[in-house]
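Start from chain A and add chain Z according to the hints.
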Amino acid sequence: MTKPNPKSDYSSLKQELDIVMEKMSRDDLNIDEALVEYERGLSLIKQIEDYLKNAENKITELKKSLSTENK
Amino acid sequence: MLPDQNQIELSVSEFVALFNQTLEFAYPEITIIGELANFRISKNKWVYFDLKDDNSSVKFFGSVYKLPGPLEDGLVVKVRGQPRLHNLYGFSVNVLSIQPAGEGSIKRAADLLKLKLQAEGLFDEDRKRPIPYPPKTIGLITSKQSAAYADFIKVLGARWRGINISLIDVQVQGEVAPEQIVSAINQLNSLAEPPEVLVLIRGGGSAEDLAAFNTEIVVRAVATSRVPTLVAIGHEIDLALSELAADSRASTPSNAAELIAPDRGRALSDLQVLQVRLTSDSSRHINTAKINLTNVLDMLDDFVGRILTAASNTNLNEERLINAYSPKAVLARGYAVVRSDGKAVRGVSQITAGDIVNIQLFDGRFDSKVSKIFKEKT
Numbered sequence: 001m002t003k004p005n006p007k008s009d010y011s012s013l014k015q016e017l018d019i020v021m022e023k024m025s026r027d028d029l030n031i032d033e034a035l036v037e038y039e040r041g042l043s044l045i046k047q048i049e050d051y052l053k054n055a056e057n058k059i060t061e062l063k064k065s066l067s068t069e070n071k
Numbered sequence: 072m073l074p075d076q077n078q079i080e081l082s083v084s085e086f087v088a089l090f091n092q093t094l095e096f097a098y099p100e101i102t103i104i105g106e107l108a109n110f111r112i113s114k115n116k117w118v119y120f121d122l123k124d125d126n127s128s129v130k131f132f133g134s135v136y137k138l139p140g141p142l143e144d145g146l147v148v149k150v151r152g153q154p155r156l157h158n159l160y161g162f163s164v165n166v167l168s169i170q171p172a173g174e175g176s177i178k179r180a181a182d183l184l185k186l187k188l189q190a191e192g193l194f195d196e197d198r199k200r201p202i203p204y205p206p207k208t209i210g211l212i213t214s215k216q217s218a219a220y221a222d223f224i225k226v227l228g229a230r231w232r233g234i235n236i237s238l239i240d241v242q243v244q245g246e247v248a249p250e251q252i253v254s255a256i257n258q259l260n261s262l263a264e265p266p267e268v269l270v271l272i273r274g275g276g277s278a279e280d281l282a283a284f285n286t287e288i289v290v291r292a293v294a295t296s297r298v299p300t301l302v303a304i305g306h307e308i309d310l311a312l313s314e315l316a317a318d319s320r321a322s323t324p325s326n327a328a329e330l331i332a333p334d335r336g337r338a339l340s341d342l343q344v345l346q347v348r349l350t351s352d353s354s355r356h357i358n359t360a361k362i363n364l365t366n367v368l369d370m371l372d373d374f375v376g377r378i379l380t381a382a383s384n385t386n387l388n389e390e391r392l393i394n395a396y397s398p399k400a401v402l403a404r405g406y407a408v409v410r411s412d413g414k415a416v417r418g419v420s421q422i423t424a425g426d427i428v429n430i431q432l433f434d435g436r437f438d439s440k441v442s443k444i445f446k447e448k449t
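Chains as they are written, first to last, in my numbering: chain A, 1 to 71; chain Z, 72 to 449.
In isolation and in its complexed conformation, chain A is listed as follows:
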């Protein structure tokens, strides 16, 4: 199960995943922490995958400001 993440944009998720990966690569990590980080890492990977598969680009057209309209 993936918990909803309030900061669910790619950069935040990826940054968090990088921190998890860094922790997991350390030799002095104890097994309890390792298992927590492992779960967290899997959940982040899932969230990023969902993001990459489901997000869409949004285009909003801004009106030109008046200074060019009266040219």
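Treat the hints as calculated values from the structure; they're not laboratory data. Small disclaimer: the values here were computed from a predicted structure and weren't measured. One or more hints might be untrue.
Claimed, not checked - Simulated crosslink set (EDC-like; lysine to aspartate or glutamate; CA at most 20 Å straight-line):
no. : chain 1 : residue 1 : chain 2 : residue 2
1   : A       : K64       : Z       : D240
2   : A       : K53       : Z       : D341
3   : A       : K58       : Z       : D240
4   : Z       : K361      : A       : E61
Unchecked claim - Which residues of chain A face chain Z? A few of them, derived with a C-beta cut under 8 Å, are:
no. : residue
5   : S11
6   : E16
7   : M24
8   : S25
9   : L29
10  : V36
11  : L42
12  : I48
13  : E49
14  : L52
15  : N57
16  : T60
17  : L62
18  : K64
19  : S65
The C-beta atom is built at its ideal place from N, Cα and C for all residues, glycine as well.
For chain Z alone, coordinates are given in the frame of chain A:
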């Protein structure tokens, strides 16, 4: 020829006013192409020059704000203006816009502007700021109708998702282009939440088509944008000054999309690699924990073993002691145990003559009859 009776007589000022009215009616605006001569700037504000060709020369007057950048005599320019007769200084064309015309002049004008801005440090590498990769928000300035726009959106969409794009549709060529582009840059910069990057793109075209991106106001606006800029103008070989002023430049609009965002297919496969690494890291930590556990068990075994050995050594000593006190050892030295009715006889008072007693020696027993008792003092 006799003078016409209907001919109107005018004062000089009346003539100037009437003449200007006529000009305004006949030529509200006029565009003239010619070679610059006697170009000069007065008080950093006013511009005077002549346009000439082989046979004619006409005077022009305008403000420096209408200039696309530095100009010099000999350049061929296209000037849009309003012909006027000044009440004191005579005829001139009031400049509305001025642009270099023809490839040679466009290039020369761009070179002049480049030298000027280069001297100011506008193109310096140490001014370049990094662009978020990928950004969450983009301010896109281009013509919505252009192939450049379509290419950029298509390539970006294929590569990455979840980007919010704020588009400002501007003209990317022609006389109004520079001011529209500058205004769009300023507008995006002044948003309450400005985008993370400004993307300014235009497809390929002639030198004249791309001229807006070589104008001083556009180049300066790109250089001074608070939001980092990515500019891609024309084809790979075209290099506009606004590209030099940008924090990052791309060779084409599609290339701009490639520089903005990674490929999500690749990002997905990178994720798989990360997942494998995560799992193997986790196994490693589990193995380490197991090895630690085995080590602890070994230590425990070792500890218990040592305690047992120590205990058994103590035991051995005690056994020796016990053996030393053993009755058998005493018997072996030649003593005997006398029993009567199965009970050890400790003194002669326990027996009487005629009793059958049992004698135990170290290697066996025998029965014996008591014939006489000799009691001794103890």
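Verification of the hints:
{"no.": "1", "hint": "A/K64 with Z/D240", "result": "holds (7 Å)"}
{"no.": "2", "hint": "A/K53 with Z/D341", "result": "holds (14 Å)"}
{"no.": "3", "hint": "A/K58 with Z/D240", "result": "holds (16 Å)"}
{"no.": "4", "hint": "Z/K361 with A/E61", "result": "violated (59 Å)"}
{"no.": "5", "hint": "S11", "result": "holds (7 Å)"}
{"no.": "6", "hint": "E16", "result": "violated (12 Å)"}
{"no.": "7", "hint": "M24", "result": "holds (4 Å)"}
{"no.": "8", "hint": "S25", "result": "holds (6 Å)"}
{"no.": "9", "hint": "L29", "result": "holds (6 Å)"}
{"no.": "10", "hint": "V36", "result": "violated (10 Å)"}
{"no.": "11", "hint": "L42", "result": "holds (7 Å)"}
{"no.": "12", "hint": "I48", "result": "holds (6 Å)"}
{"no.": "13", "hint": "E49", "result": "holds (6 Å)"}
{"no.": "14", "hint": "L52", "result": "holds (5 Å)"}
{"no.": "15", "hint": "N57", "result": "holds (5 Å)"}
{"no.": "16", "hint": "T60", "result": "holds (5 Å)"}
{"no.": "17", "hint": "L62", "result": "holds (5 Å)"}
{"no.": "18", "hint": "K64", "result": "holds (6 Å)"}
{"no.": "19", "hint": "S65", "result": "holds (5 Å)"}
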